[in-house]
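Chains as they are written, first to last, in this note's numbering: chain A, 60 to 493; chain B, 12 to 262.
Don't read these hints as lab results, they were simulated from the structure. In this text, a Cβ means the ideal position worked out from N, Cα and C, and glycines have one as well. Treat the hints with caution; some may be incorrect.
If you want the ones that stay clear, here's a sample from chain A, every Cβ over 10 Å from chain B, calculated [claimed, not checked]:
| hint | residue |
| --- | --- |
| 1 | 85 |
| 2 | 96 |
| 3 | 102 |
| 4 | 125 |
| 5 | 182 |
| 6 | 338 |
| 7 | 378 |
| 8 | 427 |
| 9 | 448 |
| 10 | 453 |
| 11 | 462 |
| 12 | 490 |
List time: in silico SDA-like cross-link candidates among lysine to any residue, alpha-carbon distance up to 25 Å [unchecked claim]:
| hint | chain 1 | residue 1 | chain 2 | residue 2 |
| --- | --- | --- | --- | --- |
| 13 | B | 64 | A | 452 |
| 14 | A | 89 | A | 193 |
| 15 | A | 454 | B | 123 |
| 16 | A | 400 | A | 329 |
| 17 | A | 454 | B | 134 |
| 18 | B | 64 | A | 453 |
| 19 | B | 64 | A | 442 |
| 20 | B | 40 | B | 123 |
| 21 | B | 122 | A | 463 |
| 22 | A | 400 | A | 453 |
| 23 | B | 240 | B | 51 |
| 24 | A | 454 | B | 84 |
Covered, in the sense of this in silico footprint (three residues per stretch, anywhere, with C-beta under 8 Å from a C-beta of chain A), are these stretches of chain B [what the hints assert, rightly or not]:
| hint | segment |
| --- | --- |
| 25 | 61-70 |
| 26 | 84-92 |
| 27 | 98-109 |
| 28 | 116-125 |
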Amino acid sequence: MNVALAKTETERAVNSVFAVARERLPGSGKVAEARRQAFDAFERAGLPNRRIEEWKYTDLRALMREVLPLAPTPDAAAIKRARAALKTAGVKRATRLVLVDGVFVPQLSDAADAGINVKTLREALEGGDRSLLTTEPSDAMIALNAAMATDGVLVSVADGASLAKPLQIIHVATVSKASVFTRSRIEVGNGARVTLVESFVAADGAGAYQTNDAVILSVGDGADLSHVRLMADSADAAHITSAVFAVGARAKYNLFNMTSGGALSRFSGLVTMNGEGSELNVNGVNLLKGTQHGDTTLVVDHAVPNCTSREIFRAVVDDRAHSVFQGRIIVRPHAQKTDGKMMTRALLLSDEAEADNKPELEIFADDVTCGHGATAGALDESLLFYLRARGLPEKEAQALLIQAFVGEAIEGIANDDLREAAMIAAQRWLEARA
Amino acid sequence: MMALLEVKDLQVRVEDREILHGLSLTVNKGEVHAIMGPNGSGKSTLSHVIAGKPGYEVTGGQVLFNGEDLLAMAPDARAANGVFLAFQYPVEIPGVATMNFLRTALNAQRKARGESEYSTPDFLKKVREVAKSLNIPQDMLRRGVNVGFSGGEKKRNEILQMALFEPALCILDEMDSGLDIDALRIAADGVNALRSADRAMVVITHYQRLLNYIIPDFVHVMSKGRVVKSGGKELALELEESGYAQFEDAA
């Protein structure tokens, strides 16, 4: 069979998108070669589709239709619009690192606090560091990201550093009909204590853009990382984040992801427990309405014994929206005394809303405690009536119950300002619904 | 004088079964009415229909509140207009702090009436006062609505809301169910403190016991979906002696 003939319009478009963008992408020589190889890997795999198990419920061939040309480097007007967007996107008392349309913008960013070293991906690639363009784990969108990434932040937190302020990486999109490719690396040193926020927002006037982000994160031995991700893209945007997280020994890692914007969003993460005695908590919330499609796919790989992992997911799905949660816990043969549990609950607010929950356990050790649960249902009528009998109009009564439902996942955020930021993001979604 | 609540020849079905077959009841401001009757006589159905619970089909008759068609109003509009149902089984709402719920509900009612929202200090002061009089500890107010509350605590929480919302009409549905004598006394004292010339109460109960604490002006006996006898407070004592059997036969 002639492979070229099997390509879709979309894939041919991607090919030309890469050809056009190549000259603008940072890095030459070996870096440019790594990009070409990554693009070849993407070409061989093609856009992920429903026949690939991990992408079963999020078929990009059907949902993305086309890959848009690379966004232009933001000009002064774009940066001004991005600055305005920061007013609502910024978390209180945080140190900000701001990327606009895939480019780090120093004039919108704060100076790094003591104990943090920040570089840009662009600098590193221009310096010839091709290791940053890894295409592992094997996935077409990660390969495409390696081929196309324009910028990102490379953050390292020194061993033993305890950051007084949260570090917030804010991605602002100002464009329409263009795509943004970013890649960042976060290294949390041994014994460091860090609160990290990643926010994805759209400036006023941004429309149907596409974001493809990759994150490579490591948590050192004895470190404590609290990590919050808020995906609040524009209503017409498509956003794919692929993340890999490596957790060392005796570490504590709390990850929270919330998807409340975007026409199509996917957060896909692979967490590997590499050191014994560590504790992982992953909470996630999908808030979807209209025809939004939101996918959270998470793999927790217990590669060593004596680690604990907890996952709590809540999806609120209205109208004809579609929520996907795929969670897999892998316990390797020698990873005894693993304690891994996940619970996912979906709240369906309309007859046409859809939620797909796919929990999986792959257990190869015999002395473990693992479990999962999944539920889907409507709001409890008896609770709604009680609230309405106390004077709450229907939408307000629903909003209160929805807040309580997602609150269970949001409560896990230790930092007060961040918990509040997540609650506010949820409230914005609820207000837009009312 | 216009009656506060006027139920006229009310007929109600649930699914294919008619529960109320032409019930009439008039309640004026300042009055306390007790509705008694055996299980299945339609007492709770009446309270649910007045509060606007979904699932009931009114097939005939009407319910007027201050002369307005109550059945045409959404449940929240009824609450804002002054109708309050103290639930027989108050629901638990995990994740919604009691204090937040009280404030949201009170302000929603005030907003619907075109009144300004309570300021936080005024609201807190008021809640604390009422909570203290009902022996409700502050930590209960921080917990999820009714979550982990005992039966008595749940009923006290209902009365707390009644005191806070200051409704014109209070319907108490089987307030005594599940309460021991001490809990009943606290709840009844709370209710009695709210009796006023501007407010009417409808006390629904299976047993006469509650009426030793909340003394009604009128007693109605329901059987098989109708009021079969009305009288003064002495009617309750009469029932205590003779039981409901005579009415069930008569109905």
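How the hints compare with the structure:
no.: 1; hint: 85; result: holds (47 Å)
no.: 2; hint: 96; result: holds (50 Å)
no.: 3; hint: 102; result: holds (48 Å)
no.: 4; hint: 125; result: holds (42 Å)
no.: 5; hint: 182; result: holds (46 Å)
no.: 6; hint: 338; result: holds (24 Å)
no.: 7; hint: 378; result: holds (22 Å)
no.: 8; hint: 427; result: holds (30 Å)
no.: 9; hint: 448; result: violated (5 Å)
no.: 10; hint: 453; result: violated (7 Å)
no.: 11; hint: 462; result: violated (7 Å)
no.: 12; hint: 490; result: holds (14 Å)
no.: 13; hint: B:64 x A:452; result: holds (14 Å)
no.: 14; hint: A:89 x A:193; result: holds (13 Å)
no.: 15; hint: A:454 x B:123; result: holds (14 Å)
no.: 16; hint: A:400 x A:329; result: holds (16 Å)
no.: 17; hint: A:454 x B:134; result: holds (23 Å)
no.: 18; hint: B:64 x A:453; result: holds (13 Å)
no.: 19; hint: B:64 x A:442; result: holds (11 Å)
no.: 20; hint: B:40 x B:123; result: holds (22 Å)
no.: 21; hint: B:122 x A:463; result: holds (23 Å)
no.: 22; hint: A:400 x A:453; result: violated (35 Å)
no.: 23; hint: B:240 x B:51; result: holds (17 Å)
no.: 24; hint: A:454 x B:84; result: holds (16 Å)
no.: 25; hint: 61-70; result: holds (count 4)
no.: 26; hint: 84-92; result: holds (count 6)
no.: 27; hint: 98-109; result: holds (count 7)
no.: 28; hint: 116-125; result: holds (count 5)
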